[in-house]
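Turn these sequences into a full structure, and let the hints guide you.
Listed in order, the protein sequences are those of chains Y and Z. Counted the way the working numbering counts, the first sequence spans residues 1 to 359. Counted the way the working numbering counts, the second sequence spans residues 1 to 126.
No lab work stands behind these hints, which were simulated from the structure alone. What you were told as hints is all true, and nothing was included just to trick you.
DSBU-like mimics (lysine-lysine), calculated; alpha carbons at most 30 Å apart, straight line: (1) Z:K6 to Y:K52; (2) Z:K6 to Y:K85; (3) Z:K48 to Y:K85; (4) Z:K6 to Y:K47; (5) Y:K205 to Z:K20; (6) Y:K274 to Y:K153; (7) Y:K52 to Z:K36; (8) Z:K48 to Y:K236; (9) Y:K153 to Z:K6; (10) Z:K48 to Y:K259; (11) Z:K36 to Z:K6; (12) Z:K36 to Y:K51; (13) Y:K85 to Y:K229; (14) Y:K229 to Y:K178; (15) Y:K52 to Z:K108; (16) Y:K236 to Z:K6; (17) Y:K47 to Z:K108; (18) Z:K36 to Z:K99; (19) Z:K48 to Y:K205; (20) Y:K178 to Y:K167; (21) Z:K90 to Y:K51; (22) Z:K6 to Y:K229; (23) Y:K205 to Z:K6; (24) Y:K172 to Y:K159; (25) Z:K92 to Y:K47; (26) Y:K47 to Z:K90; (27) Y:K181 to Y:K167; (28) Y:K153 to Z:K36; (29) Y:K87 to Y:K236; (30) Z:K20 to Y:K204; (31) Y:K204 to Z:K48; (32) Y:K171 to Y:K274; (33) Z:K6 to Y:K87; (34) Z:K108 to Z:K36; (35) Y:K51 to Z:K108; (36) Y:K153 to Y:K171.
Some but not every residue of chain Y turned toward chain Z, in silico, with C-beta under 8 Å: (37) F40; (38) H42; (39) L230; (40) R295.
What you are looking at is a predicted structure, and each value in this text was computed from that prediction instead of being measured. For every residue, glycine included, the Cβ atom is placed at its ideal position computed from N, Cα and C.
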Amino acid sequence: MTKRTIIPFGPQHPVLPEPIHLDLVLEDELVVEAIPSIGFIHRGLEKLVEKKDFIDFVYVAERICGICSFIHGLTYCIAVEEIMKIKVPERADYLRTIWSELSRMHSHLLWMGLMADAFGFESLFMHTWRMREKILDIIEDTTGGRVIFASAKVGGVRKDIDNSTLKTIAKKLESYQKELKEITDVFIKDLSVRHRLSGVGILKKEDAYELGAVGPTLRASGWPRDTRKLGYSAYKNIDFEPITETIGDSYARCVVRIKELFQSIDIIRQAAAKIPDGPVEIKVTGTPDGEYFARTEQPRGEVIYYAKANGTRFLQRLRVRTPTFANIPSLLKMLPGSSLADVPVLILTIDPCISCAER
Amino acid sequence: MAEQQKLINIEIKDLLERVKEFHSSGYRLVQIGCTKTDVLEINYSFDKNYSFVNLRITIPSSGIEIPSVSHIYWSAFLYENEISDLYGIKIKDMAVDYKGNFYRTLVKFPFNPFHNAPSAEGGIAL
Chain Y
1 MTKRTIIPFG PQHPVLPEPI HLDLVLEDEL VVEAIPSIGF IHRGLEKLVE KKDFIDFVYV
61 AERICGICSF IHGLTYCIAV EEIMKIKVPE RADYLRTIWS ELSRMHSHLL WMGLMADAFG
121 FESLFMHTWR MREKILDIIE DTTGGRVIFA SAKVGGVRKD IDNSTLKTIA KKLESYQKEL
181 KEITDVFIKD LSVRHRLSGV GILKKEDAYE LGAVGPTLRA SGWPRDTRKL GYSAYKNIDF
241 EPITETIGDS YARCVVRIKE LFQSIDIIRQ AAAKIPDGPV EIKVTGTPDG EYFARTEQPR
301 GEVIYYAKAN GTRFLQRLRV RTPTFANIPS LLKMLPGSSL ADVPVLILTI DPCISCAER
Chain Z
1 MAEQQKLINI EIKDLLERVK EFHSSGYRLV QIGCTKTDVL EINYSFDKNY SFVNLRITIP
61 SSGIEIPSVS HIYWSAFLYE NEISDLYGIK IKDMAVDYKG NFYRTLVKFP FNPFHNAPSA
121 EGGIAL
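Below, the structure written as structure tokens:
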């Protein structure tokens, strides 16, 4: 009988920059079971909503995650706006869409760099992050921040981007496509990369749905589900379809994110062309009373903000379900059958953000 | 554009049966979350083809044990352990039970401050 060994993996590991711990049960080099442990960085941010004015809490929401901070703030604002029946100006909706897609681009490029680093392709890592810097520069030019945008607010957005700058951004992104394609072609075509990712951590189509997977993890297994299709912000006026792959392995999850990069450029181009003139915020009066589940699509997948208010300036409850939390069960399904050497790469393919997940 | 959302209040005794219905109808479990008001509300959220439905059970602040749905939706064990750790709600037969060690919080049951308050009988309410 093969001897079983338990290998503790994380919360600190050279190729896993996220505080998750796994007890990996191995038979020789093969993982047969994985038991996760999180809870190392639980900050209780949801609880803070009871002590922060509902207008000001957007600052906290943005700090739940340092990568998809804008979409966290946006989803919080949508939850409050729906409770208060606030109709955000159309121009603000478009700006929210543009910043959401820039967030997606910088998140996906960050992930690709980490992935290249994990499978030992250092130059690819550096080139990917060089491209990410260009996206961060656009974000900095339009919001003043590179990590925390501080642009979403209840009732609209804090800043406008003038039309000529929007056109310049769209043009810049178009010009980045050639360089982006050169880099992403390495991920898609390079033999060593394919060898490292193909067939690793297969998540079957039925398992992905059953286990509640979201985002690229779900779409790479063949499900055309994308929360942006709900039509929040300006997505209702944008022509796009969810990007899917069918195999459900690490390579498929990588390809979905790469294709989404180019899709984001197209969405920004459409939004820049369609954005109407007008105000970017409305004055918010009164206090929220009611409840709502806001759902948006972060780079990692669907995020839920449940807000419940009782007519005071402090929400009774804010519940955040992040995409990483939803993808952990799928990860546990993918790990058995993989070799120990594949574990770091495999975990990265769900693009885990544990600080998001624990809030 | 507000998404249409459905909320169905149910009794605890009907929970497993209703969740099974959602499962067999092809709904995805989106999340389980708890809210503390005067009572504890637990929302079970489901989605199918972008149609969003919530089942809600309401329980008093202490003393009630609820059944786990993790044998219907395996992924529910994460949400249930979270609720158990943050609110001190007892959940019976979870597929994976962390026994209070899912979150390492300094304060026990931080989202349910009345959990550790003395009960009318002089003991600790649970």
